[in-house]
Amino acid sequence: MKKLLPLLFIGSIFSAHAQIVINASDFATPGTTFWMADDDDLPAGVDVGTPSATPQTWDFSMLITDTLYQIEFHDPASVDPNGDFPGADIALDQFGGYAFADTTANDVQIIGIAADFGAALGLPVPFEASVLADDPWKIFEFPSSVGTAYEDTAVFDFKFDSDGLVPFPYNLAWDPDSIRVLRTYYTDAEVDAEGVLTDVLLNTHNVVRQNVLETSIDSVWGYTGGNWEPAPNFPGVFENPQVSIDTNMRFIGKEVGYIVVEVTMNGDGTPKNATFMSDPSECCSGVEEVVAAGGNVLYPNPTSDYVQVRTGGDIYNLLIMDMSGKLLLTERLTFDKQTVRLDGLANGMYLYQMIDEAGKVAHTGRLGLIH
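Going by this note's numbering, the first residue of the sequence shown is number 14, and it counts up by one from there.
A portion of the hints provided could be inaccurate.
Straight-line Cα separation of at most 25 Å, PhoX-like style, residue types lysine-lysine; simulated pairs [what the hints assert, rightly or not]:
hint	residue 1	residue 2
1	Lys-151	Lys-172
2	Lys-373	Lys-350
3	Lys-339	Lys-285
4	Lys-285	Lys-350
No lab work stands behind these hints: they were computed from the structure.
Taking the hints into account, I'd like the entire structure generated from these sequences.
Here is the structure:
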């Protein structure tokens with residue numbers, strides 16, 4: 014399951030000599046949009062600072078925009094499936110799915126997720142589902158300032174028929190009637206510093222730093238013969254359960270009211286990778302740049318069941334046609350490295366086009382498919 018960035022808040026302007034205090038009224042409102050980026054291999058010199066009530070300075074201008082995408086806040090009534098989460102008052106659109114959140118005077122909690130879980134779970138076909146949290150995921154607490162801390166346990170548990178979802182040859186060893194996916198989050202968060210941050214666009218932000226230890230446990234179960242039993246391990250392909258432990262330093266900007274920079278740390282306390290605010294002017298991995306460098310816009314190519322598409326964060330329509338030009342598949346691309354499933358296409362060679370928002374052909378090529 015693709016990890017979703019936690020929803021945060023929209024704040025007002027902060028005086029550099031006053032402590033930041035975040036209240037429920039500062040939280041994001043529908044209509045807000047941010048450009049976010051990933052740097053998967055951090056350059057030397059990235060410094061996340063130390064816990065302290067004394068204001069600090071951070072310089073993240075050296076981060077590289079490897080991947081660029083947009084995240085958008087919506088009124089839940091305006092998105093599909095809006096009826097599955099009646100308690101939500103805001104929905105975050107990210108990575109092609111929605112996180113539905115409930116905001117109160119005391120906290121913000123994600124109460125459900127709606128997305129296509131097929132690619133995230135490695136399934137051979139698309140699988141769109143709404144998952145209501147058994148125990149909601151708290152991602153912020155109000156009021157919040159340096160010294161504010163909380164612990165939380167969240168549980169997402171969903172079950173579905175498994176007919177045809179376990180791919181060959183693994184279905185020879187495990188082919189249950191139903192599948193259950195259980196994800197549990199354990200969060201230990203504390204706001205432990207504040208100061209001024211310089212971003213990749215050379216803008217400065219008054220920020221607080223939230224130190225978050227997050228443990229996620231994913232387990233997959235199969236229902237056969239009247240009992241739920243853990244799915245077997247497939248060495249090198251799938252481990253069950255899967256446990257991930259991450260320490261993240263989230264720098265939350267008061268003026269912009271969202272995560273300006275989030276740095277994931279290595280086990281030895283050194284920075285590993287980062288997610289941060291950026292914009293298309295910083296993106297160096299879009300269609301034009303990949304083509305100029307002789308790389309593949311669609312990859313892997315040839316492929317067996319899916320491709321990922323480099324867009325640089327721009328919006329395109331991907332058209333896939335047979336060799337006679339007959340249109341077989343259309344997919345709207347809204348973020349960089351978006352996954353497109355090809356399960357309905359037979360083995361063979363195909364043509365593809367990427368059409369930009371002005372209706373012009375931005376790129377064409379051939380795609381090989383071997384199931």
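Structure versus earlier hints - violations, ascending order: Violated hint: only 3; rest satisfied.
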